[in-house]
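Quick mapping for you: the protein sequence lines, in order, are chains D and L.
All residue numbers for the first sequence refer to our numbering, where the first residue is 1 and numbers rise by one.
All residue numbers for the second sequence refer to our numbering, where the first residue is 1001 and numbers rise by one.
It is possible that part of the hints are untrue.
From the derived model, a few chain D residues whose C-beta atoms are all more than 12 Å from chain L [what the hints assert, rightly or not]:
no. : residue
1   : R15
2   : Q28
3   : P71
4   : L73
5   : T74
Listed below are the simulated DSS-like cross-link pairs for lysine-lysine, each with C-alpha atoms no more than 27 Å apart in a straight line [what the hints assert, rightly or not]:
no. : chain 1 : residue 1 : chain 2 : residue 2
6   : L       : K1099     : D       : K7
7   : L       : K1070     : L       : K1026
8   : L       : K1026     : L       : K1099
9   : D       : K65       : D       : K7
10  : L       : K1070     : L       : K1056
11  : D       : K65       : L       : K1099
12  : L       : K1069     : L       : K1099
13  : L       : K1069     : L       : K1056
14  : L       : K1104     : D       : K65
These are computed hints drawn from the structure, not numbers from a lab.
Glycine is no exception: its CB is placed at the ideal position from the N, C-alpha and C atoms.
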Amino acid sequence: SAVISQKPSRDICQRGTSLTIQCQVDSQVTMMFWYRQQPGQSLTLIATANQGSEATYESGFVIDKFPISRPNLTFSTLTVSNMSPEDSSIYLCSVVGTGPLAGYYNEQFFGPGTRLTVL
Amino acid sequence: SQQGEEDPQALSIQEGENATMNCSYKTSINNLQWYRQNSGRGLVHLILIRSNEREKHSGRLRVTLDTSKKSSSLLITASRAADTASYFCATQNQGGSEKLVFGKGTKLTVNP
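Isolated chain D (complex conformation):
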């Protein structure tokens, strides 16, 4: 069955540094998204990762802080730039796809998440 993986699974970083999170799917998918889950909270959409073009960001999120790449239909990265303790969260990628991940009704599936702690 299809697998969504994220690297790293967790990290502890110093303020002012940047971290790049990778999301890999083992089959081609049409849509990829990045979400943030702050401690004890629900999930908030950061952006839609568009293949071959700039990501589409939600209100409150900007490209300079969260640059996203999606070079192909199976891979995306999210960078958290110039980090502060307020960026401590779980970051999750999700996909809506075709092939083994396809749901008849477009179910959205999530990766295991990256737990980020900023000191």
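Using the hints provided, position chain L relative to the given structure of chain D.
Relative to the frame of chain D, chain L by itself:
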């Protein structure tokens, strides 16, 4: 911004009992999806219900949708300790985008 609200925010029951969680939302939707999250890990997709469906079943799970009231419920029957987790509803709103808007979640504790 959050689309909806789940209630209760927290629920504690004994093993074998049924657990019911509710979700309300504000706008017209294409579908509503329920997820489970164990201890801050990734989300596990449980069930999707479309806007023209009223009820769906999957194993011990039963989901209902009332679009007139903009609400959904998730029923877990014969709960087990392993069902202890946070449960989230998420809506895909009308308008063509696949993105999901999440509710605040219900933290379920099933006591052995």
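Status of each hint after checking the structure:
Non-interface status of D/R15 relative to chain L is upheld: no Cβ of that chain comes within 12 Å, the nearest being about 22 Å off. Every C-beta of chain L lies more than 12 Å from that of D/Q28, the closest at about 15 Å, which supports listing it as non-interface. The beta carbon of D/P71 is kept farther than 12 Å from every beta carbon of chain L, the shortest such distance being approximately 20 Å. D/L73, annotated as away from the interface, keeps every beta carbon of chain L farther than 12 Å; the closest lies near 15 Å.
Non-interface status of D/T74 relative to chain L is upheld: no Cβ of that chain comes within 12 Å, the nearest being about 17 Å off. About 22 Å separates the Cα atoms of L/K1099 and D/K7, which keeps this hinted pair within 27 Å; it holds. For the given pair, L/K1070 sits about 7 Å from L/K1026 by alpha-carbon distance, which is consistent with the 27 Å threshold. Taking the CA atoms of L/K1026 and L/K1099, the gap is about 16 Å. The hint holds against a cut of 27 Å.
Distance hint between D/K65 and D/K7 is fulfilled; the C-alpha atoms sit about 19 Å from each other, no more than 27 Å. The suggested pairing of L/K1070 with L/K1056 holds, with an alpha-carbon distance near 16 Å, which does not exceed 27 Å. In summary, the hint linking D/K65 to L/K1099 is supported, as the alpha carbons are separated by about 21 Å, within the 27 Å threshold. Proximity of L/K1069 to L/K1099 is assessed by CA-CA distance (about 22 Å); at most 27 Å being required, the pair is judged to hold.
A threshold of 27 Å between alpha carbons decides the hint, and for L/K1069 with L/K1056 the separation of about 17 Å falls inside it, so the pair holds. About 25 Å separates the Cα atoms of L/K1104 and D/K65, which keeps this hinted pair within 27 Å; it holds.
Checked against the numbered hints given earlier, this structure breaks none of them.
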